[in-house]
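Engineer: Okay, here's what each chain looks like letter by letter:
Number of protein chains: 2
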Amino acid sequence: MKQIYKILATFTMVILFSTLSIAQTTDPLPSWNEGKTKASIINFVKDVTTKESAHFVAEDDRIATFDNDGTLWSEHPMYFQLFFLIDRIKALTPKFPEWKEKQPFKGVLEGDIEAVKKSGKKGLMKLLAVTHTGMSEDQFTKTVKEWMATAKHPRFDRHYDELVFQPMIELLSYLRANGFTTFIVSGGGIDFMRPWASRVYGIPPYQIIGTSVKVKYENGINMRLPKLQHYDDKAGKPVGIHYHIGKHPIAAFGNSDGDFQMLEYTDANPKHKTFQLYVHHTDAKREYAYDRKTLFGKLDKGLDYAREHNWTIVDMKNDWKVIYPYELKQ
Amino acid sequence: MKQIYKILATFTMVILFSTLSIAQTTDPLPSWNEGKTKASIINFVKDVTTKESAHFVAEDDRIATFDNDGTLWSEHPMYFQLFFLIDRIKALTPKFPEWKEKQPFKGVLEGDIEAVKKSGKKGLMKLLAVTHTGMSEDQFTKTVKEWMATAKHPRFDRHYDELVFQPMIELLSYLRANGFTTFIVSGGGIDFMRPWASRVYGIPPYQIIGTSVKVKYENGINMRLPKLQHYDDKAGKPVGIHYHIGKHPIAAFGNSDGDFQMLEYTDANPKHKTFQLYVHHTDAKREYAYDRKTLFGKLDKGLDYAREHNWTIVDMKNDWKVIYPYELKQ
Numbered sequence: 221m222k223q224i225y226k227i228l229a230t231f232t233m234v235i236l237f238s239t240l241s242i243a244q245t246t247d248p249l250p251s252w253n254e255g256k257t258k259a260s261i262i263n264f265v266k267d268v269t270t271k272e273s274a275h276f277v278a279e280d281d282r283i284a285t286f287d288n289d290g291t292l293w294s295e296h297p298m299y300f301q302l303f304f305l306i307d308r309i310k311a312l313t314p315k316f317p318e319w320k321e322k323q324p325f326k327g328v329l330e331g332d333i334e335a336v337k338k339s340g341k342k343g344l345m346k347l348l349a350v351t352h353t354g355m356s357e358d359q360f361t362k363t364v365k366e367w368m369a370t371a372k373h374p375r376f377d378r379h380y381d382e383l384v385f386q387p388m389i390e391l392l393s394y395l396r397a398n399g400f401t402t403f404i405v406s407g408g409g410i411d412f413m414r415p416w417a418s419r420v421y422g423i424p425p426y427q428i429i430g431t432s433v434k435v436k437y438e439n440g441i442n443m444r445l446p447k448l449q450h451y452d453d454k455a456g457k458p459v460g461i462h463y464h465i466g467k468h469p470i471a472a473f474g475n476s477d478g479d480f481q482m483l484e485y486t487d488a489n490p491k492h493k494t495f496q497l498y499v500h501h502t503d504a505k506r507e508y509a510y511d512r513k514t515l516f517g518k519l520d521k522g523l524d525y526a527r528e529h530n531w532t533i534v535d536m537k538n539d540w541k542v543i544y545p546y547e548l549k550q
Numbered sequence: 221m222k223q224i225y226k227i228l229a230t231f232t233m234v235i236l237f238s239t240l241s242i243a244q245t246t247d248p249l250p251s252w253n254e255g256k257t258k259a260s261i262i263n264f265v266k267d268v269t270t271k272e273s274a275h276f277v278a279e280d281d282r283i284a285t286f287d288n289d290g291t292l293w294s295e296h297p298m299y300f301q302l303f304f305l306i307d308r309i310k311a312l313t314p315k316f317p318e319w320k321e322k323q324p325f326k327g328v329l330e331g332d333i334e335a336v337k338k339s340g341k342k343g344l345m346k347l348l349a350v351t352h353t354g355m356s357e358d359q360f361t362k363t364v365k366e367w368m369a370t371a372k373h374p375r376f377d378r379h380y381d382e383l384v385f386q387p388m389i390e391l392l393s394y395l396r397a398n399g400f401t402t403f404i405v406s407g408g409g410i411d412f413m414r415p416w417a418s419r420v421y422g423i424p425p426y427q428i429i430g431t432s433v434k435v436k437y438e439n440g441i442n443m444r445l446p447k448l449q450h451y452d453d454k455a456g457k458p459v460g461i462h463y464h465i466g467k468h469p470i471a472a473f474g475n476s477d478g479d480f481q482m483l484e485y486t487d488a489n490p491k492h493k494t495f496q497l498y499v500h501h502t503d504a505k506r507e508y509a510y511d512r513k514t515l516f517g518k519l520d521k522g523l524d525y526a527r528e529h530n531w532t533i534v535d536m537k538n539d540w541k542v543i544y545p546y547e548l549k550q
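So the sequences go chain by chain: A and B. As numbered in my numbering, residues 221 to 550 make up the first sequence, in order. As numbered in my numbering, residues 221 to 550 make up the second sequence, in order.
FYI, nobody ran anything at the bench for these hints, they're computed from the structure. Every residue, glycine too, gets a C-beta built ideally from N, C-alpha and C. One or more of the hints may lead you astray.
As the list claims (entries may be wrong) - Cross-link-like lysine-lysine pairs, in silico, DSS-like; alpha carbons within 30 Å at most:
#1 K454/A with K310/B
#2 K447/B with K454/A
#3 K362/B with K310/B
#4 K454/A with K362/B
#5 K447/B with K362/A
#6 K341/A with K434/B
#7 K342/A with K434/B
#8 K537/A with K256/A
#9 K491/A with K436/B
#10 K310/B with K493/A
#11 K493/A with K342/B
Stated by the list, open to error - Computed spacing ranges between beta-carbons, pair by pair:
#12 P490/B with Q550/A: 36 to 44 Å
#13 P446/A with A349/B: 26 to 34 Å
#14 Q359/A with A259/B: 34 to 42 Å
Please take these sequences and the hints and turn them into a complete structure.
Structural biologist: The following block contains the structure:
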């Protein structure tokens with residue numbers, strides 16, 4: 221009888237100690253180098269999730285919002301949704317041969333960026349209308365899925381959904397493991413993201429917010445209309461958060477001036493301690509280096525504000541061990 | 221040594237059998253009377269959650285949408301949000317004494333429904349504007365919370381959030397326990413529901429869809445504007461589902477013709493077996509009895525369609541053992 225108790229006691233101690241040592245040694249952010257950036261994330265999470273902390277936040281209020289382009293995946297040499305747009309114009313041209321002689325379509329087909337730029341906002345709207353609207357929600361989803369499974373990035377020769385940031389995927393998981401609910405809040409198209417973002421980021425479609433077009437319902441089908449419903453950039457981000465989430469986030473992650481208002485709104489949370497982070501693209505060799513003077517993902521005013529207000533700034537080159545998930549398999 | 225094993229074995233068997241017998245005897249819908257309505261719900265849930273079933277649906281696609289007024293809580297003698305509106309007009313009148321002589325405010329203050337009706341849609345918009353807009357999202361949330369904690373229903377003398385349907389609350393829990401994600405899709409105001417619906421229904425604010433006004437962001441604050449953003453009734457319900465969820469539901473629950481398109485859209489799910497349910501208000505004694513000829517929650521075309529298409533119809537009087545949660549405590 222005594223012997224059994226001894227065995228059971230030893231067994232329990234072994235389990236207990238191995239659990240403790242796992243908890244102490246498993247790094248939740250293995251692709252992040254040690255340093256003040258990583259420490260600022262971990263310290264914040266500990267501060268708001270520790271019951272005894274003065275800054276403890278109940279799980280219901282642990283809302284974290286992430287920009288997508290340039291924050292969760294790359295956005296150069298241009299937004300990936302623009303590659304989709306160009307590929308769709310090319311794929312549709314056999315049905316509309318007149319496009320070969322008509323701007324802005326001609327410019328897209330011939331790679332004449334100046335001609336496309338010259339067609340202005342009206343031209344871009346025409347391109348968006350023929351590639352993103354005039355079909356049902358289900359048809360559009362199918363088109364995006366097919367494109368994502370075939371198209372490849374010109375520099376990396378990888379599918380676009382392979383060009384997501386491994387350190388940010390770890391961060392999403394780490395936050396969720398600590399009771400956070402994670403959202404995407406992107407200037408990109410909500411329905412361009414939903415078909416693949418759930419699989420890649422582990423975020424369900426109803427936690428994805430983005431720029432949207434109006435749809436019209438009839439006989440079981442939602443048809444996509446060439447009219448803007450919500451423009452989810454700059455001041456549109458906190459507005460989109462209000463419509464979809466109905467709560468101030470306590471943590472927000474972006475990389476450009478377009479994310480500034482989302483970070484500012486999070487910082488203005490009236491109830492809780494908050495966290496703001498900018499990804500600074502500093503790695504021309506492994507990804508791209510840009511900030512104040514780029515067309516895609518400009519970070520100028522936001523960078524100064526972040527430095528003045530002690531927001532966390534990720535230096536991609538020095539803070540991240542790897543950029544893309546496929547590097548781990550090489 | 222042998223004795224210990226015997227004790228352990230007996231102990232294990234006892235635990236095992238008591239667990240099994242709990243699983244067999246615990247009724248997930250105790251406030252529902254046995255019968256074909258209850259059976260149709262349970263059969264559907266078993267059919268889509270049993271791995272071996274031909275109709276098995278993965279958890280990601282188990283989306284269930286619920287109307288609120290008349291489906292999750294009462295809506296008579298009028299929508300509860302209208303009581304809120306009237307109470308707000310009364311509370312604000314000391315600040316705007318001119319309202320005492322000016323329609324539609326005068327009509328509201330004097331309970332002169334004909335005068336209010338006569339002011340038409342324009343009058344209603346005026347009332348909505350002064351009671352629901354012109355303040356920040358946080359101020360409005362606070363106002364709704366305070367009202368909900370104090371105002372009482374004229375017939376039942378209970379707080380409005382006590383007048384939710386116990387059988388539907390059990391249904392929400394039962395679906396969630398079976399891997400469903402539950403949403404509210406209501407013609408009522410999204411920001412009128414969010415402050416209390418999470419607590420009462422266990423549905424987070426980002427899974428609540430409703431009619432919304434535009435907000436404008438500036439300096440950390442979202443201000444509510446007197447402009448409609450989304451009207452979430454009739455065809456607006458599947459449209460709202462598209463904007464917020466981005467997926468067809470597999471189960472939808474309503475009680476009026478305003479819910480018809482949501483149920484039709486769910487029925488048109490291109491991938492999965494689906495379920496549609498109408499709550500039919502047949503209990504004048506315990507709640508209210510109405511369908512084809514009421515101003516609030518009219519069920520006419522939908523009732524015929526449901527009967528022809530084999531949608532489930534709840535007969536409140538006969539299918540529900542209790543209506544409100546407080547009856548259980550009496």
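Engineer: State the violated hints by number, sorted upward, taking the hints as numbered earlier in the document.
Structural biologist: Hint check: 1, 5, 10, 11 fail, others pass.
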